[in-house]
Amino acid sequence: MSNNDKKYENGLRESATFDRKTIDDIQRAADTGIYDIRGFGAKRKVPHFDDLLFLGASMSRYPLEGYREKCNTKVTLGTRFAKNPIELDIPVTIAGMSFGALSANAKEALGRGASIAGTSTTTGDGGMTPEERGQSKNLVYQYLPSRYGMNPDDLRKADAIEIVLGQGAKPGGGGMLLGQKVTERVAGMRTLPIGVDQRSACRHPDWTGPDDLAIKILELREITDWKVPIYIKVGATRTYYDVKLAVKAGADVIVVDGMQGGTAATQEVFIEHVGIPTLAAIPQAVQALKEMGMHRKVQLIVSGGIRNGADIAKCMALGADAVAIGTAALVALGCNDPKWEEEYNKIGSAAGFYDDYQDGKDPAGISTQDPELSKRMDPVAGGRRLANFLSVLTMEAQTLARACGKSDLRNLEPEDLVALTIEASAMARVPLAGTSWIPGQTGF
Amino acid sequence: MQRSGSQKQQNYMFGNGTVTRGLTMKTIDLAVQSVTDLNRELHAQADKLNEKDWFVENPKGQHNIAVGLDEEISVDIKGPTGYYAAGMNKKATVTIHGNAGQGVAENMMSGKVHVTGNASQCAGATAHGGLLVIDGDAGARCGISMKGIDIVVKGSIGHMSCFMGQAGNLVVCGDAGETLGDSLYEVHIYVKGSVDSLGADCIEKEMRQEHIDELQGLLDAAGVDDEPSLFKRYGSARQLYNFQVDNASAY
Ligand SMILES: Cc1cc2nc3c(=O)[nH]c(=O)nc-3n(C[C@H](O)[C@H](O)[C@H](O)COP(=O)(O)O)c2cc1C
Numbered sequence: 001m002s003n004n005d006k007k008y009e010n011g012l013r014e015s016a017t018f019d020r021k022t023i024d025d026i027q028r029a030a031d032t033g034i035y036d037i038r039g040f041g042a043k044r045k046v047p048h049f050d051d052l053l054f055l056g057a058s059m060s061r062y063p064l065e066g067y068r069e070k071c072n073t074k075v076t077l078g079t080r081f082a083k084n085p086i087e088l089d090i091p092v093t094i095a096g097m098s099f100g101a102l103s104a105n106a107k108e109a110l111g112r113g114a115s116i117a118g119t120s121t122t123t124g125d126g127g128m129t130p131e132e133r134g135q136s137k138n139l140v141y142q143y144l145p146s147r148y149g150m151n152p153d154d155l156r157k158a159d160a161i162e163i164v165l166g167q168g169a170k171p172g173g174g175g176m177l178l179g180q181k182v183t184e185r186v187a188g189m190r191t192l193p194i195g196v197d198q199r200s201a202c203r204h205p206d207w208t209g210p211d212d213l214a215i216k217i218l219e220l221r222e223i224t225d226w227k228v229p230i231y232i233k234v235g236a237t238r239t240y241y242d243v244k245l246a247v248k249a250g251a252d253v254i255v256v257d258g259m260q261g262g263t264a265a266t267q268e269v270f271i272e273h274v275g276i277p278t279l280a281a282i283p284q285a286v287q288a289l290k291e292m293g294m295h296r297k298v299q300l301i302v303s304g305g306i307r308n309g310a311d312i313a314k315c316m317a318l319g320a321d322a323v324a325i326g327t328a329a330l331v332a333l334g335c336n337d338p339k340w341e342e343e344y345n346k347i348g349s350a351a352g353f354y355d356d357y358q359d360g361k362d363p364a365g366i367s368t369q370d371p372e373l374s375k376r377m378d379p380v381a382g383g384r385r386l387a388n389f390l391s392v393l394t395m396e397a398q399t400l401a402r403a404c405g406k407s408d409l410r411n412l413e414p415e416d417l418v419a420l421t422i423e424a425s426a427m428a429r430v431p432l433a434g435t436s437w438i439p440g441q442t443g444f
Numbered sequence: 001m002q003r004s005g006s007q008k009q010q011n012y013m014f015g016n017g018t019v020t021r022g023l024t025m026k027t028i029d030l031a032v033q034s035v036t037d038l039n040r041e042l043h044a045q046a047d048k049l050n051e052k053d054w055f056v057e058n059p060k061g062q063h064n065i066a067v068g069l070d071e072e073i074s075v076d077i078k079g080p081t082g083y084y085a086a087g088m089n090k091k092a093t094v095t096i097h098g099n100a101g102q103g104v105a106e107n108m109m110s111g112k113v114h115v116t117g118n119a120s121q122c123a124g125a126t127a128h129g130g131l132l133v134i135d136g137d138a139g140a141r142c143g144i145s146m147k148g149i150d151i152v153v154k155g156s157i158g159h160m161s162c163f164m165g166q167a168g169n170l171v172v173c174g175d176a177g178e179t180l181g182d183s184l185y186e187v188h189i190y191v192k193g194s195v196d197s198l199g200a201d202c203i204e205k206e207m208r209q210e211h212i213d214e215l216q217g218l219l220d221a222a223g224v225d226d227e228p229s230l231f232k233r234y235g236s237a238r239q240l241y242n243f244q245v246d247n248a249s250a251y
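For the record, the sequence lines run as chains A and B.
Sequential numbering from 1 applies to the first sequence in the numbering used here.
Sequential numbering from 1 applies to the second sequence in the numbering used here.
Bear in mind the hints are in silico, worked out from the structure with no lab data behind them.
The C-beta atom is built at its ideal place from N, Cα and C for all residues, glycine as well.
Misleading hints may appear alongside valid ones.
[As the list claims (entries may be wrong)] Per label pair, the in silico range of CB-to-CB distance:
{"no.": "1", "chain 1": "B", "residue 1": "T36", "chain 2": "A", "residue 2": "E65", "range": "45 to 51 Å"}
{"no.": "2", "chain 1": "A", "residue 1": "G440", "chain 2": "B", "residue 2": "T116", "range": "56 to 62 Å"}
{"no.": "3", "chain 1": "A", "residue 1": "A381", "chain 2": "B", "residue 2": "T36", "range": "30 to 36 Å"}
{"no.": "4", "chain 1": "A", "residue 1": "D211", "chain 2": "B", "residue 2": "A31", "range": "36 to 42 Å"}
{"no.": "5", "chain 1": "A", "residue 1": "K83", "chain 2": "B", "residue 2": "I212", "range": "47 to 53 Å"}
{"no.": "6", "chain 1": "A", "residue 1": "D211", "chain 2": "B", "residue 2": "E206", "range": "58 to 64 Å"}
{"no.": "7", "chain 1": "A", "residue 1": "P130", "chain 2": "B", "residue 2": "D225", "range": "44 to 50 Å"}
{"no.": "8", "chain 1": "A", "residue 1": "D211", "chain 2": "B", "residue 2": "L230", "range": "39 to 45 Å"}
{"no.": "9", "chain 1": "B", "residue 1": "L49", "chain 2": "A", "residue 2": "D211", "range": "34 to 40 Å"}
Input sequences plus hints: build the corresponding full structure.
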């Protein structure tokens, strides 16, 4: 019997409103006088891909042989304007995570893993490091409001440019890197004093609305001679409108990051209370693209809480062209590994709970700038682990696609899905299992 | 001076010595060719330099003129430019004979950009190096997020200038608008005229000899005949660099 249950036996009752977490939050705020800043993504439960199920083929549909028949996973990104679109073997990309937030070894491992798996990886708020450029076959260079480390040489070395308007963990907020991680190298790359609590801008400095952005995109195309694709990344909020405006502004690819998306450092109140779930964002984005005749012409990458092949297959079925993973990639590298349990305990955390990426004391050597801790992250072994994980994700997604009779992951369609809950049904716009009802779309 | 399609023999500095090369001088007329054509030709100079002096006719406020240059060439734009003229410039000397639109010389790395008229907002935004000289006024957000550039404005600048400025120098011979230097890091700001208001964490600082010397150098580089001692210096109070809490470990 757990401690909790014992308390219950004794007649004690925990408040649903003031539960222990809430009480702890209030007391922590009173102790410290500052809001909680942490890494990871939203921890509250929101409607998600687990609330969807596939309808495998049977009489009315024809499945493909699980192991033998082809199921294409290749995807080309940036076909709209770029001379050199990005060709990926699998539709699972590595999301932008900065050197600074992550150790150089972790960045290198991400590059290695992605390259083995035939996919792309992405820089982050703080510029491009030689380690990741060297180890990444396809590297997407982020263009953020802070413009830390932004320079035309790296821009021309990039395989794609991602203009970041926002992140699912904090739509409307800027980057953050606390002083303990602003080491000499990180500060140098960002032109900041060593050890400052860096709070980056949330708005781009030299353009304001979508009309300006259109000109900005043209500038980046001119500088790179129209060679590389230009992505626009938005945190999921008013996704339908944002996607329309992004298409109008001239994006080749749109990245929509749902509210569960990971972060290196953000106020907890922001992580948990801003944005819409990934599940709710995809149909909005796809509707916008379809209405403009741009679905599949402007590719859609979805991220935020993607953990396994089922999540990926469901994203694709709802109309995404590819997905991006952040947290899951870090976990594959060894984040939250129980082998560091004792060390997690020493810093007041535990394996499976660790979210203090902002603190820079990561026992696994991933979200840190400490040279000793970083050494624990072997970039070659880490890269191998990530490649394994990416391969499993792909095989899982293929398994589901074949079961639905699809010879290409992108042939999955909303008709292959049903929802387990009314909420998920309304958000994903697929029928509640066993009914033909989609709340908000069809009559009951 | 002869322009269109003309060629001339000239002496140029290459490394340590002066050598004579048959470099041409070229004019591109944006009434005939596109901005993309222009930029492509200018970019080609980074691979193989064969024309040192470029003239751009009929810019007529088009956007993205002469962006992404990466060679020691000079580009004279004969008229007003739209957004982001000379954006991300490296090494080149770009002169805009007229007014410049939003974000002139944004993210410049090195070289020089000279605007003979006024500049719109965000002039020199996020730029890492080089020198931007504006003969007239600059609009709002001049030098926003600047990261090492030197900006000299002979006239006045608008509100929110140098917001989150990180490094470099901003010299204003006229007045500055509201909220100058808000959330400033290490930029040195010199203003001769009045300042409507200072932004958060921006304060007036003592003008020491080193600053007089620095300012004199900047004024000289921009060709301004002004007396450094008439300027006031502003910089960061550095009070916003770190979260102020009793218990820092609990972030
Ligand atoms: C450690 C870490 C650092 C991140 N840094 C950035 C960043 O620099 N720029 C950015 O656009 N997103 C950043 N993100 C967000 C990711 O790009 C991505 O949107 C998110 O991780 C996707 O959600 P997931 O973690 O659930 O897969 C970061 C995420 C993490 C976990």
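When the hints from earlier in the document are held up against this structure, which numbers fail? The structure conflicts with hints 3, 4 and 6, although it agrees with all the remaining ones.
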